[in-house]
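Colleague: Take a look at the letters that make up each chain.
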Amino acid sequence: MNPALQALIVIVVGVGGCVGYFFLSNLFLDKVLFPARGPNAGVNTSRANMIRPWLFLFPAMVALGLYLAYPVFATAWLSLNRNGEFVGLANYSAMFGEPKFWESMRNNMLWLVVVPAGSTAFGLLAAQLTDRIRWGNLAKSLIFMPMAISFVGASVIWKLIYDTRPVEQAQIGLLNALWLKFEGGIGSFLLLRLLPGLFVLAMLALLLWAVWALLRPLVKGGSAGGFWVLAGRIVGALVALFLAWELATWLVGIAGNDLPYGQPMTWLSMPYWNSYFLMAVLIWIQTGFAMVILSAALRGVPEDTIEAALLDGANPFQIFFQIKVPQIMPTIVVVWTTITIVVLKVFDIVLAMTNGQWETQVLANYMYDKLFRALDWGMGSASAMIIMLLVTPILVWNVYNARKEMR
Amino acid sequence: MAEVTIRALKKSYGGLQVVHGLDLDIVDGEFVVLVGPSGCGKSTLLRMIAGLEEVTSGDIRIGERRVNNLPPSERDIAMVFQNYALYPHKTVAANMGFALKMRGMDKAEIDQRVKRAAEVLGLTPYLDRFPRALSGGQRQRVAMGRAIVRDPQVFLFDEPLSNLDAKLRVQMRTEIRELHQRLKTTTVYVTHDQIEAMTMADKIVVMQGGRIEQVGAPLELYDRPANTFVASFIGSPSMNMIEGTVQGGTVRAGGATLPLPPGMKVAEGREVIYGIRPENLGDSPDGIRGTIAVVEPTGSETHVVVRIEGRELVAVFRDRISHRPGDQITLAPVDPAGVHLFDKATGTRF
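In order, the protein sequences belong to chains A and B.
The opening residue of the first sequence carries number 1 in UniProt numbering; numbering runs sequentially from there.
The opening residue of the second sequence carries number 1 in UniProt numbering; numbering runs sequentially from there.
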């Protein structure tokens, strides 16, 4: 049979099956089970209406149960077994003894902080800057485009950017081609030390200001809000502090490191930095997502509050940070946590670019390694459980915020 | 405090001109109301004074300074917006103090000023609340508080009461008026509600289609409207307009003969519009004969809608009347001196 015909039959049967299910089950409910006639018509109608939502929920609940809830319990069970024998927490203790696991944890934490921070910050910047200009929509389309590329596709593109060839050959990697233009003169000083140094310094200042702004209400006491607000502030401040520490070490490096000019670099095997080169790919993809959501939120800020701030004598920076950003804070939190969940599951990028070599391993790829390469179901399941434990609180927080947003 | 002077002010959006050369003098300490139908340019004028809209040509002066090219924050004005425009993430106190904070004022001084303004407006118990926890009237007061803490030279109000319910509107009207009497700050107030304009203003500016139709004290506008637009816009129910021709010292309108105001000389045969306020119409042996369509008692007075040759006249009676719908009635001006006569061709007053 022609595959197109097969596909058509599947569509007709699938859609027809769904329609048929909803139609027939409702018909059964209304005509046979609780018919709206006879002496009990009123009671029957209200009973039917109580059952109806469950008719609609039933297929989704079965599918979710089969493909989501059952695997969770099965994985939990598998993580306690080795070769079909129950071994308690042995898989976990074996895993905690592996340096590669802790490397994955460390890298995941780094990803967890850097990628959402970078994507949200760049997304917010892009949303604000493209807001009022005529070609803003074109710019937005371009920034959004990476969202349409699969993670593996994006990884291939960026692998070409980071590509390295031997010294005597022409460099096809964009980054190396640029790098070889620098030879240590004044231009190199400006572009590789002064400019990035100033940028990092500015970001550092911004982060320290953020830490201060987040902690100030705590120090002052008074109306600091509820427990969750307090916890949110402390977590936010810790994240900002961590990023500030990273940036400070960068600053030292920018100022002091000897740069090997004239040599092509193997970017993806540079320890520490290669993780950042991988994160750049995800930031590149997720910035578009953050921008679109935040752009809509910025449009929703009432125009008259901005005009009032203008009359109150606020400059554009003050209007942005003190009037606009606080008003879209709930959206920023939702964007941040959504990206955080994507990051915790990050797998394709690492697999396609380094496969976890050179200290770039992350949890999801570690799990894949154990499950499908080492065929160690016990340890693989144990690492899967760790990922789930990490995702769950963020997911709960995200759903909570999204629902609050909708109200 | 300062006077505001506007000279030959024009505003265009692209090729579309919306304000056509306005001249207006606002005296120091005056309460001026800009009133007109929607789209008449009153809000645009206010926003140009505020600096939120650019001036196409002409001059705006506040006090001695020409402010055309000054940013809003340097014009020493404060504005109350229609939707209050409170910062939802700031407390009432922070909302009121924001402008002072932006000015770099000392924290203690800000606190003191905010407290004083809150006392004036009865907002002291709400200083730590967020705007979402306030009622409409309280939000309105916070918006006013935000304006008065700055102690500006001019207050600008952009339809501040249109979001309130009828009862609160009347109450806030009085409050704003009282506040003005206390602070004596020059105020420009935009509204489309002529009652608001009449009750609050020292001076009313009636606008239409980007032009000023008439400027004057409320009763001046009521008693001597410069043209048919002002005549029909000011006063509720609005003035009755009857088209007619001058004949032998009277006005002939349809089958009726109406007296000219005493002392008025109008050329024989001139087409005119004969304007009578509803309260100046009364039962009379001869005049305009018609059928009563509706009787609307309001308690203090009774409005009677009379249908005459397909047109409607409204008469207001102070006394209780026994007329019923369907009755015949003859109406004529009670006081011929209170009649307004306009040129039919131009609409201007004779």
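Any given hint could be a false lead.
To be verified - Straight-line distance between alpha carbons at most 20 Å, and here's what the computed SDA-like set of lysine to any residue pairs gives:
(1) A/K181 <-> A/L204
(2) A/K31 <-> A/G14
(3) A/K140 <-> A/A280
(4) A/K324 <-> B/T91
(5) B/K90 <-> A/Q327
(6) B/K101 <-> A/G313
(7) A/K404 <-> B/P131
(8) B/K101 <-> A/W209
(9) B/K90 <-> A/A280
(10) A/K159 <-> A/Q327
(11) B/K90 <-> A/N355
(12) B/K90 <-> A/G226
(13) B/K184 <-> B/K167
(14) B/K90 <-> A/P330
(15) B/K90 <-> A/V167
(16) B/K101 <-> A/Q327
Stated by the list, open to error - Quick list of simulated restraints, FRET-style, between CB atoms:
(17) A/L195 <-> B/M105: 33 to 39 Å
(18) A/R37 <-> B/I321: 57 to 63 Å
(19) B/A108 <-> A/P316: 24 to 30 Å
(20) B/D106 <-> A/A213: 40 to 46 Å
It is worth saying that the hints were derived from the structure and are not from the lab.
From the three backbone atoms N, C-alpha and C, an ideal C-beta is built for every residue, glycine too.
Colleague: Each of the hints needs a verdict: does it hold here or not?
Modeller: Hint check:
no.: 1; hint: A/K181 <-> A/L204; verdict: 28 Å, violated
no.: 2; hint: A/K31 <-> A/G14; verdict: 25 Å, violated
no.: 3; hint: A/K140 <-> A/A280; verdict: 19 Å, holds
no.: 4; hint: A/K324 <-> B/T91; verdict: 16 Å, holds
no.: 5; hint: B/K90 <-> A/Q327; verdict: 10 Å, holds
no.: 6; hint: B/K101 <-> A/G313; verdict: 9 Å, holds
no.: 7; hint: A/K404 <-> B/P131; verdict: 18 Å, holds
no.: 8; hint: B/K101 <-> A/W209; verdict: 18 Å, holds
no.: 9; hint: B/K90 <-> A/A280; verdict: 36 Å, violated
no.: 10; hint: A/K159 <-> A/Q327; verdict: 39 Å, violated
no.: 11; hint: B/K90 <-> A/N355; verdict: 49 Å, violated
no.: 12; hint: B/K90 <-> A/G226; verdict: 17 Å, holds
no.: 13; hint: B/K184 <-> B/K167; verdict: 26 Å, violated
no.: 14; hint: B/K90 <-> A/P330; verdict: 15 Å, holds
no.: 15; hint: B/K90 <-> A/V167; verdict: 60 Å, violated
no.: 16; hint: B/K101 <-> A/Q327; verdict: 19 Å, holds
no.: 17; hint: A/L195 <-> B/M105: 33 to 39 Å; verdict: 37 Å, holds
no.: 18; hint: A/R37 <-> B/I321: 57 to 63 Å; verdict: 60 Å, holds
no.: 19; hint: B/A108 <-> A/P316: 24 to 30 Å; verdict: 29 Å, holds
no.: 20; hint: B/D106 <-> A/A213: 40 to 46 Å; verdict: 21 Å, violated
The earlier numbered hints that this structure contradicts are 1, 2, 9, 10, 11, 13, 15 and 20.
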